[in-house]
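4 protein chains.
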Amino acid sequence: MSGSNFGKAFQITTYGESHGKAIGVVIQGCPPGIDIDETVLQTALDKRKPGQGVSGTKRKEPDHPNIVSGTFEGKTTGTPLMILIENKDAKSKSYDSIAFVFRPGHGDYTYDAKYGIRDYKGGGRASARETAARVAAGAVAQLILDQNRITIESHTLEIGGICAEKGIKESIQNDLECPDNAAAKRMQEKILAVKALGDSLGGIVEITASNVPAGLGEPVFDKLDADIAKALMSIGAVKAVEIGAGIDAPKMTGYENNDQILTNGFETNHSGGILAGISNGDDIIARVHVKPIPSISKPQNTIDKHGTAQTISTEGRHDICAIPRINKVCEAMMAIVLTDHLLRQKMVR
Amino acid sequence: MSGSNFGKAFQITTYGESHGKAIGVVIQGCPPGIDIDETVLQTALDKRKPGQGVSGTKRKEPDHPNIVSGTFEGKTTGTPLMILIENKDAKSKSYDSIAFVFRPGHGDYTYDAKYGIRDYKGGGRASARETAARVAAGAVAQLILDQNRITIESHTLEIGGICAEKGIKESIQNDLECPDNAAAKRMQEKILAVKALGDSLGGIVEITASNVPAGLGEPVFDKLDADIAKALMSIGAVKAVEIGAGIDAPKMTGYENNDQILTNGFETNHSGGILAGISNGDDIIARVHVKPIPSISKPQNTIDKHGTAQTISTEGRHDICAIPRINKVCEAMMAIVLTDHLLRQKMVR
Amino acid sequence: MSGSNFGKAFQITTYGESHGKAIGVVIQGCPPGIDIDETVLQTALDKRKPGQGVSGTKRKEPDHPNIVSGTFEGKTTGTPLMILIENKDAKSKSYDSIAFVFRPGHGDYTYDAKYGIRDYKGGGRASARETAARVAAGAVAQLILDQNRITIESHTLEIGGICAEKGIKESIQNDLECPDNAAAKRMQEKILAVKALGDSLGGIVEITASNVPAGLGEPVFDKLDADIAKALMSIGAVKAVEIGAGIDAPKMTGYENNDQILTNGFETNHSGGILAGISNGDDIIARVHVKPIPSISKPQNTIDKHGTAQTISTEGRHDICAIPRINKVCEAMMAIVLTDHLLRQKMVR
Amino acid sequence: MSGSNFGKAFQITTYGESHGKAIGVVIQGCPPGIDIDETVLQTALDKRKPGQGVSGTKRKEPDHPNIVSGTFEGKTTGTPLMILIENKDAKSKSYDSIAFVFRPGHGDYTYDAKYGIRDYKGGGRASARETAARVAAGAVAQLILDQNRITIESHTLEIGGICAEKGIKESIQNDLECPDNAAAKRMQEKILAVKALGDSLGGIVEITASNVPAGLGEPVFDKLDADIAKALMSIGAVKAVEIGAGIDAPKMTGYENNDQILTNGFETNHSGGILAGISNGDDIIARVHVKPIPSISKPQNTIDKHGTAQTISTEGRHDICAIPRINKVCEAMMAIVLTDHLLRQKMVR
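Protein chains in written order, with my numbering: chain A, 1296 to 1644; chain B, 1296 to 1644; chain C, 1296 to 1644; chain D, 1296 to 1644.
One should not assume that every hint holds.
Unchecked claim - Chain D regions said to be covered by chain A (calculated; three or more residues, Cβ under 8 Å):
| id | region |
| --- | --- |
| 1 | 1299-1313 |
| 2 | 1319-1332 |
| 3 | 1520-1534 |
What the hints assert, rightly or not - For each label pair, taking beta carbons as the anchor points, the in silico distance ranges come out as:
| id | chain 1 | residue 1 | chain 2 | residue 2 | range |
| --- | --- | --- | --- | --- | --- |
| 4 | A | Glu1551 | B | Gln1337 | 36 to 44 Å |
| 5 | C | Asp1578 | A | Gln1442 | 33 to 41 Å |
| 6 | D | Glu1465 | C | Ala1477 | 25 to 33 Å |
| 7 | C | Pro1508 | B | Leu1492 | 55 to 63 Å |
| 8 | B | Asp1330 | C | Pro1594 | 34 to 42 Å |
To be clear, the hints were calculated from the coordinates, so they are not data collected in a lab. Every residue, glycine too, gets a C-beta built ideally from N, C-alpha and C.
Start from the sequences and build out the full structure, keeping to the hints where you can.
If you want it as structure tokens, here you go:
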């Protein structure tokens, strides 16, 4: 069925496996007349690129976005945009050992249970590589948001249990996109320590969208926060999504949590910019809780396709932590949701 | 647009406002030949009924479900099931004062911003009353899950900052659906204390689905966890959704968080029964963080439609805490998501 | 699945069986602020009402539309409009004889094959009564078209092989909505003659939408003509749909069929106002070919549920010809398609 | 919006322009484990290839289908199949003259009206070249139909007003897929004569699907005939769609048109294998009326983008008649609709 579609007005359809010929996306609903070229997509993809910084793998994935359709003389035409990214650095041999052994924390077992067949190379369709297509689509969405001066950014709040201090918003001087440079240093040290042990880490990322007009979101199911929750939870490693005060909201009383309204705006933003599923004009704030990368070299117990016990040690080239690469995917999904609802609102008023 | 639809194979479409003539739901995709009558719906709605226990309002909403279409001689026919619940206890007068004043924490401001017009009586479409339609639909979904012996239950883990002790699973002897009876007592005391102050509380609810077959969920966007996140976040007061280890996942290393696989199954269930967006056969576990009820009698600052500063004290008949009524809504949404994916999987294998 | 939905931006969802409690429709995507009351719906439903004229049945279906949700103080609010029409004149007893015998030309056999269970009373979900919900939805759509000065009308071109003369557009002085009054008289005579024989008739209806702006329709599948074809073919008795020159187009050469373009517009309208699936500003013209009513008192061969040969003579209260009642259904479906695409175009430019 | 999607369970999404880099399709919902390779797609595309026979253009479009994703070791995996067909023989220069002049009978004017920008080369997105993607998708659908022994074939019934004699079903000895070889000869002569005049022709094609099980189709809008009508009308040159008796149905009485039911099946097949929108087990029969190719060298009146009168003579390499190439597109669309409903029915029973 249509599980690889996302969005109703601005709809993306992704395809592709980690070690297949290519991955990519078809985008429907992009308005005509928008200036676009592969450079803007390349810039977005480069930010997600692996092989950078302390948390990343050494793989090189030269993600070159190829705009195959939907543009004419440098502008979108309103017809489907197809963006294709070839898979070039796929070393398939290194995955042969896991053809029949299920990696803990991965989709190997469940893809087999669902489909009865599975492209095991590099995780196939379940690979994080699929998110490059989302980032490309997000870059297109951002062009539309740009016209409305809507900006999106993300920050790393926590890695491996080490938190950025609340309220610190320094100019970022680290590879982890953390606004607390001192904390970032400790995060980096922890990453190196855990890497040495053949283990991995997770963390928390906050995504903020600014200048979003009031009125976006469609009750009662396509609420803006509901669509953001789905968008972010659909990213592989995400295990929790918060909006605004999120997990702190139940600790407050109604009086404390309500954002009282003054003549110049909301006094606080515990709502995360969304009331009853509709944007209120304040910053949209979401946080994702990212599990540690499941691919680790430390030996683990598992079984193979025949149910026989096995020990597995994932030796491939893997990240130690999905952050900060996942940050760009979160931004992309936020951009796609906001663009979808921005277009939908055009039909309301 | 189609914001009041949810689900693709098992699709519900809700309608209705708090103080309109009725609320209800059209259900498409319910298989034919299932025994159904209004009793099973009534039982489900009674569990969500207000006016019970310490946290609830004194309103009486005699929610009588009326099956208008889609059945014949006590069985579903495969055609759209329409269930209608009349609004009987709607005292509209008590809402006149808020016709032009925006209640903090509610959708008054945002509905106005979106639509330019708003049924202000009882919150209109944004009222929690809408969830009665979800509960009715959930009861229908559960009939299908019953055929597959899939069960769903929910428990209250926290109210007003008071937590049930982890691991305690007592036979429930309280009105709050809390598995820790001693904690429940303290929760009830806190509710009464906060009520006396004209304030309100939130909390945490855990929803567990058992006996779910492996293979449900459709990557890469209609992942089972992504659809659960949307389903639960679309419930009014929910501000965060966790799956499995959720917010604890980033505190663990990969080795700690991965559910190693033994010959008799997964050793742990940090995944919450979902790997790569597909169920793995273990219990599906989700948690929602519920904000305190925004309607409080304690005076708050706000503005009216003309932007003039106002003070508001919500005097209507309101719950102090959405828990445990919201628990039934969470169960219903979980049932709807699982039924949707159970049917979808029939097309795969 | 979602087979009772139609439209993407302006989406209708119908429910109900002929002899159930009620039939009706949920409408999503109706813009807010539109003046609406039950009178405008009643007027539309009255035009479709049976029991009028020579071709109709003697049943009285007092179709009272009840707007259950989606309005406030006489205006739409942007939330789902639910319209319910109670079934009042359902004489179920007269259908008991066909509980197990399949009526030729009806859906009895196929509903059984599909669902394994069937509400046989009055045709259940397959009854033409379902189209009352479409007419109500069409009346809502027309309110939006009115704001854009788009008008829709239909004419009867043929009944029982008797054709209105091409080009004659007289002021209609007959019950059959035929623009050729002399032909209409002959049609009426034929209807009476065939009625006396216990048989029935079909015919051709033309639907014209005027003042439709250029630019509506979404290639390559949701082309305006493709959506019109689906909309009209989804009406029970329709067996063919033409757009513009339709079945005459293959008789012409390209030079004859092409609508040459002059500085003041298209010279002809063989395209029926649609080029490459997008409206061109000319009148949208569609024609439907309607089969004769399958319910006839003349005895026919059939089988029962056990495969045993039976003779059937349908004695119920039935129309002799679906025209002119079906005309109003065609207009409604055209209005729904145009409204859907009018809203969709708002997202393009 | 999502106008380039078709189908709900088996969903295709096409992209691409005539003279862009490539055209293609993403297919969602294809069951896993089906043997597939590019050969089967190539065979289907070759049958649609231009440059063959008397009615075709001399262009060579070497349509090589490239399966980019969704397969593993020669089998489908259940994930999105992406098929890409590069555009190789696109001589863009020959279209420069029509950059600002609207070709009569084409979508030039309407694409401009809709989007305000248009890829004019070779018709861009509106080109019949887009149908190669449909044919590729249809070949995939047919693999699923094959497993159910459902076959689809098409025949040419009329070209340029010359009809195959009704009932003649000879072994085809002509390039036009006409079952009446003598008529085909006259059609070919007419094509040559009209070609010499710089003009073009249309015709009628019948599509028949055999061995379709009873029970496919989803009332009341996704009726099998409604979806077939949309599928076929979405093909560029189609101006009318008939099901079963089609335009002859209104000429018959109910007694004549009803397919009486004998113990060994339906006596006739005026219904075209569909009753009340659901297949009845008989052959599904549809006919399309195809307009003459609008690109003709005979000079025509038109206007340019500035509204100035122009004369146009389309000199490009064009077919004289869309038949028989369009036949393969019709078969493909029929296959896609049937596969979609075959999968949908799995959720019903």
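To see whether the hints hold, each was checked on the structure:
Check result for the region 1299-1313 of chain D against chain A: holds, 10 residues qualifying (beta carbon to beta carbon below 8 Å, three or more required). Counting residues of the region 1319-1332 of chain D whose CB falls under 8 Å from any CB of chain A gives 6; the rule of at least 3 is met. With a cut-off of 8 Å between beta carbons, the region 1520-1534 of chain D has 0 residues touching chain A; three or more are needed, and the interface restraint is violated. The beta-carbon spacing between Glu1551 (chain A) and Gln1337 (chain B), approximately 38 Å, falls within the hinted interval of 36 to 44 Å.
A beta carbon spacing of about 36 Å between Asp1578 (chain C) and Gln1442 (chain A) agrees with the range 33 to 41 Å that was offered as a hint. In this structure, Glu1465 (chain D) and Ala1477 (chain C) break the distance hint of 25 to 33 Å, their C-beta atoms being roughly 45 Å apart. Distance hint check for Pro1508 (chain C) and Leu1492 (chain B): the Cβ-Cβ separation is about 59 Å, which falls inside the suggested range of 55 to 63 Å. Between Asp1330 (chain B) and Pro1594 (chain C) the beta carbons are some 38 Å apart, a value that agrees with the proposed interval 34 to 42 Å.
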